[in-house]
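Residue numbers (the working numbering), protein chains in the order written: chain A, 1 to 234; chain B, 235 to 468; chain C, 469 to 702; chain D, 703 to 936; chain E, 937 to 1170; chain F, 1171 to 1404.
These are computed hints drawn from the structure, not numbers from a lab.
Remember, it's a predicted structure, so these values are computed and weren't measured experimentally.
One or more of the hints may lead you astray.
[As the list claims (entries may be wrong)] Pairwise CB distance ranges (calculated):
#: 1; chain 1: A; residue 1: Asp191; chain 2: E; residue 2: Gly1048; range: 52 to 62 angstroms
#: 2; chain 1: B; residue 1: Arg261; chain 2: E; residue 2: Gln951; range: 49 to 59 angstroms
#: 3; chain 1: A; residue 1: Ala83; chain 2: E; residue 2: Glu1162; range: 56 to 66 angstroms
#: 4; chain 1: D; residue 1: Pro763; chain 2: B; residue 2: Ala435; range: 44 to 54 angstroms
#: 5; chain 1: D; residue 1: Pro920; chain 2: C; residue 2: Gly548; range: 48 to 58 angstroms
#: 6; chain 1: A; residue 1: Thr4; chain 2: D; residue 2: Asp832; range: 48 to 58 angstroms
#: 7; chain 1: A; residue 1: Ala220; chain 2: E; residue 2: Pro1154; range: 42 to 52 angstroms
[As the list claims (entries may be wrong)] Residues from chain E that keep clear of chain F, each with C-beta distances beyond 12 angstroms, as calculated:
#: 8; residue: Ser981
#: 9; residue: Ala994
#: 10; residue: Glu1026
#: 11; residue: Lys1123
#: 12; residue: Glu1133
#: 13; residue: Arg1142
#: 14; residue: Asn1147
#: 15; residue: Pro1155
#: 16; residue: His1158
#: 17; residue: Glu1162
Backbone N, C-alpha and C fix where the C-beta goes; we use that ideal spot for every residue, glycine too.
The residues making up each chain are set out below.
Number of protein chains: 6
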Amino acid sequence: MSATLDADVREKLRQTAVATISAELRRRGYPDMSVDGVHSRVPGSKLVGPARTLRFVAYRPDLSDEHGSGYNAQKQAFDGLRAGDVLVIEARQDPTTGTFGDVLALRAKVLGAAGIVSDGGVRDSAAVADIGIPTFTRSVHPAVLGRRHVPWEKDTTITCGGVAVQPGDIVVGNDDGVVVIPAHLVKEVADAAAEQEKQDAWVAERIAEGNPIEGLFPPAGHWKDEFDKWRESH
Amino acid sequence: MSATLDADVREKLRQTAVATISAELRRRGYPDMSVDGVHSRVPGSKLVGPARTLRFVAYRPDLSDEHGSGYNAQKQAFDGLRAGDVLVIEARQDPTTGTFGDVLALRAKVLGAAGIVSDGGVRDSAAVADIGIPTFTRSVHPAVLGRRHVPWEKDTTITCGGVAVQPGDIVVGNDDGVVVIPAHLVKEVADAAAEQEKQDAWVAERIAEGNPIEGLFPPAGHWKDEFDKWRESH
Amino acid sequence: MSATLDADVREKLRQTAVATISAELRRRGYPDMSVDGVHSRVPGSKLVGPARTLRFVAYRPDLSDEHGSGYNAQKQAFDGLRAGDVLVIEARQDPTTGTFGDVLALRAKVLGAAGIVSDGGVRDSAAVADIGIPTFTRSVHPAVLGRRHVPWEKDTTITCGGVAVQPGDIVVGNDDGVVVIPAHLVKEVADAAAEQEKQDAWVAERIAEGNPIEGLFPPAGHWKDEFDKWRESH
Amino acid sequence: MSATLDADVREKLRQTAVATISAELRRRGYPDMSVDGVHSRVPGSKLVGPARTLRFVAYRPDLSDEHGSGYNAQKQAFDGLRAGDVLVIEARQDPTTGTFGDVLALRAKVLGAAGIVSDGGVRDSAAVADIGIPTFTRSVHPAVLGRRHVPWEKDTTITCGGVAVQPGDIVVGNDDGVVVIPAHLVKEVADAAAEQEKQDAWVAERIAEGNPIEGLFPPAGHWKDEFDKWRESH
Amino acid sequence: MSATLDADVREKLRQTAVATISAELRRRGYPDMSVDGVHSRVPGSKLVGPARTLRFVAYRPDLSDEHGSGYNAQKQAFDGLRAGDVLVIEARQDPTTGTFGDVLALRAKVLGAAGIVSDGGVRDSAAVADIGIPTFTRSVHPAVLGRRHVPWEKDTTITCGGVAVQPGDIVVGNDDGVVVIPAHLVKEVADAAAEQEKQDAWVAERIAEGNPIEGLFPPAGHWKDEFDKWRESH
Amino acid sequence: MSATLDADVREKLRQTAVATISAELRRRGYPDMSVDGVHSRVPGSKLVGPARTLRFVAYRPDLSDEHGSGYNAQKQAFDGLRAGDVLVIEARQDPTTGTFGDVLALRAKVLGAAGIVSDGGVRDSAAVADIGIPTFTRSVHPAVLGRRHVPWEKDTTITCGGVAVQPGDIVVGNDDGVVVIPAHLVKEVADAAAEQEKQDAWVAERIAEGNPIEGLFPPAGHWKDEFDKWRESH
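Work out the full structure, taking the sequences as your base and the hints as a guide.
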């Protein structure tokens, strides 16, 4: 159902800015892999891991009675998380209710999950922040899930923040937001992004020395030669 | 998977305003069964029938290659329509692309489907209107489905225009828009709405005669007595 | 509480485009008197009359029990309309419910009201159109008022479609939408707008003859002389 | 006009998460009591107190001259605050202007008010934060009130952030946002929420020990027995 | 500055649905050429012609004095239209003001312009419709341009409805909305779209005969053979 | 092309709250000079300087090939910044992509620019914050510019966050957001705002002493006399 993420790749992605990964995805024909409108409220949060998914449908009394109470899909999804997983929730981009709170976040933390992403809200947001598991949401809101949603099913293909997500896709988040890497591209994108970051760092040093952007960002002509030389020796 | 709709109930619903049905649903604890933002561009359009459903996820090149081309879920959904069915499409309320066009609408018409509801757009809208099958959408837009969506699955529970819809729910539309009646409530709601319309028509006659709203809408006191008397004799 | 509208002024305003009135209001320091987002669904509808007002607050069960049932502020407002009045409703720009339907619209029609303006929806929209009273709303929606609102009070100062409205202000609507004229400006604006329309018509004739806009719209130099001459003789 | 808040109840509400209060309100048929879109910019802010209210209408030059200048309704509202009060402002959810600034916030602070809630913006936001009175607003914006509003009346029923508020309702805010408790429910909700928090804390301890959510959140079966036992002895 | 449009290509585009053109643009890597949110209020309107452009900036008193009065860029743009041209206006997608009215529309008509597209509003909309020049706008609104805009410059590259437009691009509109064809693609797209419409018409006939979508839309296998045969003989 | 800013005026503006400047602009007939929706993510950021401008148009493959790659207008704009300049970017208020990142921000910092304002997003937001140049944007987003934009031209009149900006206008930002002062008003506004802040500070002291707002804010009657006396002696 969902892929494990190689420890090296995970570490490489953790060292890489989401912006750099986003650029590499675009180069490969995937410009729309950002989970738009979703952020962490804890500065410096970093998230890497394979997606597990959860889909909600709109609240409706009869469906809520059947599917919303008891050991519903949401509770099963949290109990079923494995170490390193990222739970991604389709909440129809509705900011006007919470989609999980401190108790479920704690369960995810205890299981070693890497984080939670929801295009709806988080409730008990201060308590959730204290638990220390990275969470990226569209809003904070005190209302319970049932104000707007019925938890429906887990581990299917969903849309979160405008991006299609499948179990096993790799989710990466930082202060800029969240991107999703299709599973089959993860190694290639991780390598290319790490390489790009080296170039960006080298360029930044040149900029810091007072050089203009022209011809340097990205390196062309003599700057390209200099960079290639430097790259060979590092 | 989906209910057939008794011919008497269908006819009763066809004679009843969507506004009246909406009020009866609210009385039974279902205030949120309207497909918000969705309308017909053909004045006087009327729609009644059991729901068949279709779910899209966000466009993504790899998923589109696998699921969007060939005989995809959308095409299967249209080919699978039965006489009287209403196809309801979850397009994530995105107005910026079409979700079906004239060829698919024609197929639905040939199969005797009762109509199509989508919380996305319709393309080739003039040709679709000419075909004569009732269609209720959020927008008209020339772009093909693939600008925003990949057709994913059919005949599951979806959310359309903010309302959860299951195959077999009864969908009713007119100039006001579209409401969804949970299958188990349809007979009760159809009967109550038809009865309510009789009362509303009687009240309207009294208003037309120059009587004030006070005590008459809804009928109370002596107006209630008069209405009950009239109702017995009709 | 609310002004009567002189028959001559009413007729003058009826002959005048809302766009022209809007321009005259702007010239006098009132650029924001349009009820934004509100239109008639009946092409060619025209509305002129003094405002009566109705304010809703958000739905809440206890307030609805006390103020929403029985002979509430909404019903009193409709019963209290006089010939020529325009009822203006503050519905917090919420398109997701109706704010009046056919029975109340019929009452307004019987009383000779000039029309109804609401920054929420109208339900039973086809029946309301048949009644023939001009109605300008933000949306059509089948749900009853109580989905979102409690009728609160009438004939106070409200905000409708982003414009403050007082009882006695003059409301004018056509295919472009609705503007509100503060009571103390109505005569002045009506006269100026009628005069402006004469000039615009004269300019349009010159444009139709093939003359360029330059110097003609508005008339300057020799065009100004020609217009002044024409104006004197008409 | 407005209720005083029992010191015990106030303290109990202060100790309770807004999310828990929101859930208790929903259980009693009040799912829509959150002031949507309104937050404090100071992490950890907490607000409890009875509502005082202030209503704005849209800016209009003549109304502004009469009602906006001098000792207007806004200034009267601030001067009239009592120790413990929360001023709640209806600003039509418009983020594009300030609705109060540092001088008025200071006046509220000096009077011992518990806080300010507005569904518009706050200006001089850094200075307001320094004053130390809890403020929950939709936005920060430098423009003065008069860009969009005329202060109209105080201590009437208003709508703020989509929720109807009456003077004397109890307003509670924290990092999640703000909820409004109808005055007649405050004791019952405060007690139930405090009780619920005890259960949630006990559940959280069990989750922290590694137990799954299933059957535990909320406690059922043997977990229910264990919790009841624990609850009796605490 | 702007291209003339070959009469044959113009006629071909006039015969072709905007939806078909949109699909052909997407096939060539241009999925985002629709002017989103812009429609004609006159059913059956059709628009084809090379773009002329006009850019507005936000209203500001000093800039309005210098650039908004007199023979401004807007008036120059209208006076400068040639037979067959389409004027495309960047109005920052603001629906709350008009961007042209009946006098300017009449000037465009007299000059033989093919139409007007604006991502703002049209004022005097009924009069404009009577003039008979196709106009596609985001809204109808009575306010004058100066409520929100200052006309700035003409015949530069602009963004209208989310799509970049250059003078000489070919603009095509119908009931679905408006698309823009980059000048260098127009012949190729017109030919391909006309060809595609032949296939779609043939497919529609087969659908009308009762054949399923499977394998037929688009034609594959034996249907492909049949279509190719038919195509050769027509 | 753009004005230099007198060091005294710059310092005066730096000492003045944006809210006070906004009020002085409104008094002079400029109520709409705030860059709506744009904020710094670094609390306490302060920005003062003359505007340099950059305009983007919507992404389109052919325009991107010609104008987006190589030493494009964006790169030229950053390389061309002078000490004290503020770069203001028109990104059509689109939050779903970055409009500059850490390398360009570093270049601006090295050149001594006063800051960057964009009504789009910033990418690599944490790195940009570390660089320490004040940046005010609508959003943070990881995607590159090319997801939505083509850099088009620099140092022309643009619209950013709903306000028209010309090179040489003075831009001031703090925690409340950003305002633009037309170049010809800067000295007058800076002086008046500084003077107003003195009065506000004096009023705040009086409020802190427990005096009511009535008659004091703004000072009238005896308070006016007292303030005038104090003002003379300071």
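Does the Cβ-Cβ separation between alanine 220/A and proline 1154/E fall within 42 to 52 angstroms? Roughly 44 angstroms apart at Cβ, these two residues keep to the hinted range, so it holds.
Okay, alanine 83/A versus glutamate 1162/E on CB: inside 56 to 66 angstroms? holds, 57 angstroms
Can the suggested window of 49 to 59 angstroms be confirmed for the beta-carbon pair arginine 261/B and glutamine 951/E? Given about 53 angstroms between the Cβ atoms, the range holds.
Just want to verify: histidine 1158/E was marked as not at the interface with chain F; is every Cβ pair farther apart than 12 angstroms? holds, 37 angstroms
Has the hinted range 48 to 58 angstroms been met by the Cβ atoms of proline 920/D and glycine 548/C? Cβ of proline 920/D to Cβ of glycine 548/C: about 51 angstroms, so the range 48 to 58 angstroms holds.
Range hint 48 to 58 angstroms (beta carbons of threonine 4/A and aspartate 832/D) holds or violated: At roughly 50 angstroms between Cβ atoms, aspartate 832/D and threonine 4/A fall inside 48 to 58 angstroms, so the hint holds.
Alanine 994/E and chain F, when compared Cβ to Cβ, separated by more than 12 angstroms: Violated, because the least Cβ-Cβ distance between alanine 994/E and chain F comes to about 4 angstroms, which does not exceed 12 angstroms.
Any Cβ of chain F at or closer than 12 angstroms to lysine 1123/E, or is the non-interface label fine? holds, 15 angstroms
Determine whether the non-interface label on arginine 1142/E survives the test: each CB of chain F must be over 12 angstroms from its CB. Nearest chain F Cβ is 35 angstroms from arginine 1142/E, so the label holds.
Consistency of beta-carbon spacing, alanine 435/B to proline 763/D, with hint 44 to 54 angstroms: holds, 48 angstroms
Distal placement of glutamate 1162/E relative to chain F, Cβ over 12 angstroms: Holds: least Cβ distance 36 angstroms, greater than 12 angstroms.
Is the Cβ of glutamate 1133/E farther than 12 angstroms from every Cβ of chain F? holds, 25 angstroms
Hint violations for this structure: numbers 9, 10, all remaining hints satisfied.
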